[in-house]
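Chains as they are written, first to last, in UniProt numbering: chain A, 1 to 785; chain B, 1 to 198.
Do not take every clue at face value.
[To be verified] With a straight-line cut-off of 20 Å between C-alpha atoms, the simulated EDC-like cross-links for lysine to aspartate or glutamate are:
| hint | chain 1 | residue 1 | chain 2 | residue 2 |
| --- | --- | --- | --- | --- |
| 1 | A | K401 | B | E82 |
| 2 | A | K222 | A | E181 |
| 3 | B | K103 | A | E436 |
Hints listed in this document are in silico derivations from the structure and should not be mistaken for laboratory results.
Now for the letters of each chain:
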Amino acid sequence: MSQVFSFHGGIHPPENKKQSTRAPIGKAPLPKQLVLPMQQHIGGPADPLVKVGDSVLKGQLIAEPIGRISAAVHAPTSGKVVDIAHYPIPHASGLSGECVVIETDGEDRWIEHEGIADYKAIERAQLTEHIRASGISGMGGAGFPTDVKLHLGDNHIVNTLIINAAECEPYITADDMLMRERPHEIIGGIEIIAHLLRPSHILIGIEDNKTNAIHALEAAVKHCDLNIDIIVVPTKYPSGGERQLIKLLTDIEVPAGKIPADIGIVCQNVGTTSAVYRAVHKGEPLISRIVTVTGDAVRHPKNLEVLLGTPFSSLLEACDLRPEALSRLVMGGPMMGVTVDNDRIPVIKTTNCLIAATKQEMPPAPPAQACIRCGMCEQACPADLLPQQLYWFSKGREFDKAKHHNLFDCIECGACAYVCPSNIPLVQYYRFAKSEIRTEEREQQKADHARERFEARQARLDREAAEKEAKRKARAAEAAKAQEARKAAAAKPKEEAAATATAAPDIKQLKTAAAVARTKLKKAQKAFDEAAAGNSEGLAELEQALNEARLKAEEAEKALSAGSPAPAEGGDAELKQLKVAAAVARTKLKKAQDALKNAEDKGLEGIDKLRATVEALEQKADEAQKAFDAAQPADAAAKQESAPKETPAKAEPAAEPALDAKALKQQVSIMRTKLKKAETALEAAESDEERSSLQADVDDLKKRFDEATEAFNKVEKAKMDAAAQAGIDLKQLRIDAAMAKAAITKGERALKKAEADDERAQIEQELVAAQAKSDELHKTLSQYD
Amino acid sequence: MGTVLTAIIVLLLLAAAFGVLLGYASVRFKVEGNPIVDQIDAILPQTQCGQCGYPGCRPYAEAISNGDAINKCPPGGQSTIEALADLLDVEAVPLDSEHGEEKPKSVAFIREDECIGCTKCIQACPVDAILGAAKQMHTVITTECTGCDLCVEPCPVDCIDMIPIETTPNTWKWPEPPAPMDLIATDRGRGLATSEVH
Numbered sequence: 001m002s003q004v005f006s007f008h009g010g011i012h013p014p015e016n017k018k019q020s021t022r023a024p025i026g027k028a029p030l031p032k033q034l035v036l037p038m039q040q041h042i043g044g045p046a047d048p049l050v051k052v053g054d055s056v057l058k059g060q061l062i063a064e065p066i067g068r069i070s071a072a073v074h075a076p077t078s079g080k081v082v083d084i085a086h087y088p089i090p091h092a093s094g095l096s097g098e099c100v101v102i103e104t105d106g107e108d109r110w111i112e113h114e115g116i117a118d119y120k121a122i123e124r125a126q127l128t129e130h131i132r133a134s135g136i137s138g139m140g141g142a143g144f145p146t147d148v149k150l151h152l153g154d155n156h157i158v159n160t161l162i163i164n165a166a167e168c169e170p171y172i173t174a175d176d177m178l179m180r181e182r183p184h185e186i187i188g189g190i191e192i193i194a195h196l197l198r199p200s201h202i203l204i205g206i207e208d209n210k211t212n213a214i215h216a217l218e219a220a221v222k223h224c225d226l227n228i229d230i231i232v233v234p235t236k237y238p239s240g241g242e243r244q245l246i247k248l249l250t251d252i253e254v255p256a257g258k259i260p261a262d263i264g265i266v267c268q269n270v271g272t273t274s275a276v277y278r279a280v281h282k283g284e285p286l287i288s289r290i291v292t293v294t295g296d297a298v299r300h301p302k303n304l305e306v307l308l309g310t311p312f313s314s315l316l317e318a319c320d321l322r323p324e325a326l327s328r329l330v331m332g333g334p335m336m337g338v339t340v341d342n343d344r345i346p347v348i349k350t351t352n353c354l355i356a357a358t359k360q361e362m363p364p365a366p367p368a369q370a371c372i373r374c375g376m377c378e379q380a381c382p383a384d385l386l387p388q389q390l391y392w393f394s395k396g397r398e399f400d401k402a403k404h405h406n407l408f409d410c411i412e413c414g415a416c417a418y419v420c421p422s423n424i425p426l427v428q429y430y431r432f433a434k435s436e437i438r439t440e441e442r443e444q445q446k447a448d449h450a451r452e453r454f455e456a457r458q459a460r461l462d463r464e465a466a467e468k469e470a471k472r473k474a475r476a477a478e479a480a481k482a483q484e485a486r487k488a489a490a491a492k493p494k495e496e497a498a499a500t501a502t503a504a505p506d507i508k509q510l511k512t513a514a515a516v517a518r519t520k521l522k523k524a525q526k527a528f529d530e531a532a533a534g535n536s537e538g539l540a541e542l543e544q545a546l547n548e549a550r551l552k553a554e555e556a557e558k559a560l561s562a563g564s565p566a567p568a569e570g571g572d573a574e575l576k577q578l579k580v581a582a583a584v585a586r587t588k589l590k591k592a593q594d595a596l597k598n599a600e601d602k603g604l605e606g607i608d609k610l611r612a613t614v615e616a617l618e619q620k621a622d623e624a625q626k627a628f629d630a631a632q633p634a635d636a637a638a639k640q641e642s643a644p645k646e647t648p649a650k651a652e653p654a655a656e657p658a659l660d661a662k663a664l665k666q667q668v669s670i671m672r673t674k675l676k677k678a679e680t681a682l683e684a685a686e687s688d689e690e691r692s693s694l695q696a697d698v699d700d701l702k703k704r705f706d707e708a709t710e711a712f713n714k715v716e717k718a719k720m721d722a723a724a725q726a727g728i729d730l731k732q733l734r735i736d737a738a739m740a741k742a743a744i745t746k747g748e749r750a751l752k753k754a755e756a757d758d759e760r761a762q763i764e765q766e767l768v769a770a771q772a773k774s775d776e777l778h779k780t781l782s783q784y785d
Numbered sequence: 001m002g003t004v005l006t007a008i009i010v011l012l013l014l015a016a017a018f019g020v021l022l023g024y025a026s027v028r029f030k031v032e033g034n035p036i037v038d039q040i041d042a043i044l045p046q047t048q049c050g051q052c053g054y055p056g057c058r059p060y061a062e063a064i065s066n067g068d069a070i071n072k073c074p075p076g077g078q079s080t081i082e083a084l085a086d087l088l089d090v091e092a093v094p095l096d097s098e099h100g101e102e103k104p105k106s107v108a109f110i111r112e113d114e115c116i117g118c119t120k121c122i123q124a125c126p127v128d129a130i131l132g133a134a135k136q137m138h139t140v141i142t143t144e145c146t147g148c149d150l151c152v153e154p155c156p157v158d159c160i161d162m163i164p165i166e167t168t169p170n171t172w173k174w175p176e177p178p179a180p181m182d183l184i185a186t187d188r189g190r191g192l193a194t195s196e197v198h
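With these hints in hand, go ahead and build the complete structure from the sequences.
What follows is the structure, encoded as structure tokens:
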């Protein structure tokens with residue numbers, strides 16, 4: 001398995017590695033301050049656990065990882081946290097990020113730490129967690145958290161572990177020196193990673209320009225139980241690219257948009273394996289790394305073991321920088337690194353090289369010229385892309401097309417720009433296009449999110465409006481119902497009030513009217529009787545009037561007994577009607593009187609007596625009329641007074657019950673007033689207690705009122721009954737009397753007509769008999785009156 | 001005569017057959033809604049700010065599909081106009097300044113000490129990005145804020161600021177490289193000289 005394949009393109013830039021490999025790995029001086037960015041890796045930034053003023057020990061956790069893809073940060077030395085703020089970080093943008101600043105105390109005191117004695121004995125998940133807790137992220141350049149790569153789960157079966165020792169970029173020798181000096185650490189780290197991933201092949205890819213490193217590794221591998229293949233690949237930039245190295249060693253191409261783990265391959269940098277070894281065996285978290293400090297502007301270029309957070313200036317000083325010669329400070333290699341302006345920027349986990357270049361060494365880029373479509377870039381591209389096309393699309397902002405030409409498979413190695421005869425900064429164009437596309441995608445994502453939220457809100461508002469509408473409708477329906485109920489409830493008290501409060505005067509009026517009608521009836525009766533007794537003409541008329549009056553009286557009585565339910569206005573109307581009827585009855589009475597007068601003029605028997613009665617009747621009628629007139633404009637009380645005034649005019653048998661009725665009526669009205677008062681109090685009552693006691697009072701009063709009303713009605717009825725009984729007897733008598741009167745009238749007429757004396761005598765005889773009979777009847781009739 | 005008749009009959013039959021086919025296809029493959037509106041809506045920035053004069057991005061998308069101008073969206077800016085022009089195959093016109101100018105992306109920020117808890121901004125926010133309750137302090141959920149400005153106007157105490165979004169290393173964009181110069185032979189080495197000055 002030592003076959004070496006090839007990848008497309010690639011270049012052979014001057015190596016410039018020799019300068020920094022002459023001296024062994026030195027130790028960087030301890031700076032006064034260490035600036036530790038919270039994001040030294042790909043993924044979410046770590047969250048500081050310390051506060052300003054806290055004392056920290058070497059190896060102490062100062063920031064914990066947030067999220068799956070994140071890495072912890074530890075204090076590289078003992079000291080005091082003096083600031084947690086934004087400081088310039090090693091980033092192409094030159095922007096600042098959150099950093100924890102530690103003022104070193106020079107003691108370099110370790111926190112208590114211990115390695116895992118037998119890592120094979122513990123759970124693999126526990127081991128991965130230990131690596132995560134040690135804050136290890138890829139040290140080759142990208143800085144992907146190592147624990148994530150070592151804990152892939154069941155959906156990735158790893159059959160090949162590739163250790164990237166190619167270090168293809170010019171100037172950089174950090175991995176080379178590490179391999180030369182600490183090969184056992186690397187092999188130890190590989191053992192741990194192999195234990196976690198259980199690959200069937202372990203390959204170390206190394207360029208053939210690192211002879212010493214190859215020898216050192218080969219020697220170390222001999223003591224290792226694992227079957228590790230060290231594959232020496234020809235020096236060609238960028239063989240150290242993950243995908244390029246995989247292609248070189250296995251001839252497998254990682255598909256676009258996928259990661260090596262998808263095809264069963266995991267790549268780790270040698271620096272990372274060393275860090276894993278230290279973390280597991282010694283319990284030391286990742287707090288330092290080897291950095292190549294090189295370039296013509298430093299007198300002693302070499303590799304330094306540097307604590308994370310050490311500013312570049314400190315490293316340059318340690319390597320004897322010639323400030324006057326420095327024209328460009330590059331972080332990373334000359335191909336992929338970025339120029340930095342600020343030497344206060346700290347070393348982070350991914351910083352592998354610092355080049356202090358002179359002007360001759362790295363001249364400023366000559367001005368770009370027009371693309372001549374030579375196609376050299378395509379020949380150099382290790383990712384098999386069409387750099388020229390990508391350049392046109394990026395320049396013309398046709399990002400969609402650039403994307404379709406697999407812009408995102410570009411590893412930004414700079415090979416195309418290196419070979420470009422027109423000095424076009426191609427990689428800059430790709431980076432620009434990539435960040436534009438990423439920004440666009442981010443904005444699109446945000447826009448979609450905003451749309452989702454907007455639509456959700458709209459839906460919510462619509463739903464709320466619908467609910468409100470439904471509620472409003474329900475409320476309206478309820479209100480309508482309640483109003484109806486209230487109307488019904490209001491109607492009931494009105495009815496009650498008709499019985500008690502509002503209708504009370506009406507009842508009074510009704511009663512007054514009834515009493516008046518009754519009186520009138522009696523008067524008419526008397527007049528009729530007298531008329532009948534007097535055998536006068538127009539008796540029939542009188543009788544009719546009498547009957548009408550009686551009918552009216554009965555109606556009035558009925559209305560009164562119906563009493564409470566009768567509506568107030570109806571009662572009023574009826575009362576008026578009754579009054580009209582009474583007036584009519586009076587008129588009829590007068591007519592009867594006229595008839596009587598006529599009879600008088602004719603000189604009939606018993607006329608004198610009749611006349612006297614009529615005169616008395618007239619007087620009484622006048623009196624009644626006067627009383628009625630007085631009662632009409634006056635209020636209920638006045639009307640009530642009119643009733644007793646009339647009572648003496650009533651017939652003797654009716655007098656006593658009338659008096660009784662009067663007392664009862666008074667009692668009823670008193671009760672009614674009381675009840676009304678009590679009910680008003682009840683309505684006004686606020687508290688429940690008050691209400692209940694008042695309710696009891698009202699109920700009691702109602703009962704008593706009902707009793708009184710009943711008694712009153714009974715008396716009234718008895719009165720009516722008596723009158724009715726008398727009426728039947730009287731009726732019979734009256735009929736007889738009327739017949740007798742008719743006979744007399746007939747006789748008189750016959751007498752007038754009769755010429756002959758004998759005829760006349762016979763008629764006179766008959767007339768006398770009829771007269772006698774009539775007298776008799778009248779006598780009986782008068783007995784009743 | 002016979003051939004003419006045959007030809008007419010054949011053509012008629014063909015017409016009938018294709019008519020049936022087309023009729024069936026129009027029923028079978030009927031597209032519900034207006035797909036162009038969805039496409040336009042997808043391009044619009046969804047700030048729901050209403051600067052275009054329509055109550056949200058979708059109504060504007062509908063208006064565009066009905067022939068309205070494509071240059072009424074200040075938050076989208078020129079890139080949105082270009083995307084719309086591309087989609088609708090019309091000419092990209094500059095932004096109509098009547099509807100506002102393209103401003104840097106910003107988010108609302110409530111000066112919480114001054115907030116009186118009136119909830120007016122909450123009701124105005126089209127994406128529910130403001131958190132708070134009556135008589136309680138309100139705050140903006142920055143990640144949900146679209147920077148539409150709609151909450152600024154209703155605030156009775158003017159405690160809402162629109163703060164431009166700061167660029168972080170994660171959102172930073174590589175600048176566009178300077179355009180290549182045209183050089184003539186005597187200019188050779190000039191780039192080096194100019195760089196020296198820097």
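Hint-by-hint comparison with the structure:
Using a Cα cut-off of 20 Å, the hinted pair K401 of chain A and E82 of chain B holds, with the two alpha carbons roughly 15 Å apart. Of the supplied pair hints, the one linking K222 of chain A and E181 of chain A holds, its CA atoms being roughly 16 Å apart against a limit of 20 Å. The suggested pairing of K103 of chain B with E436 of chain A holds, with an alpha-carbon distance near 18 Å, which does not exceed 20 Å.
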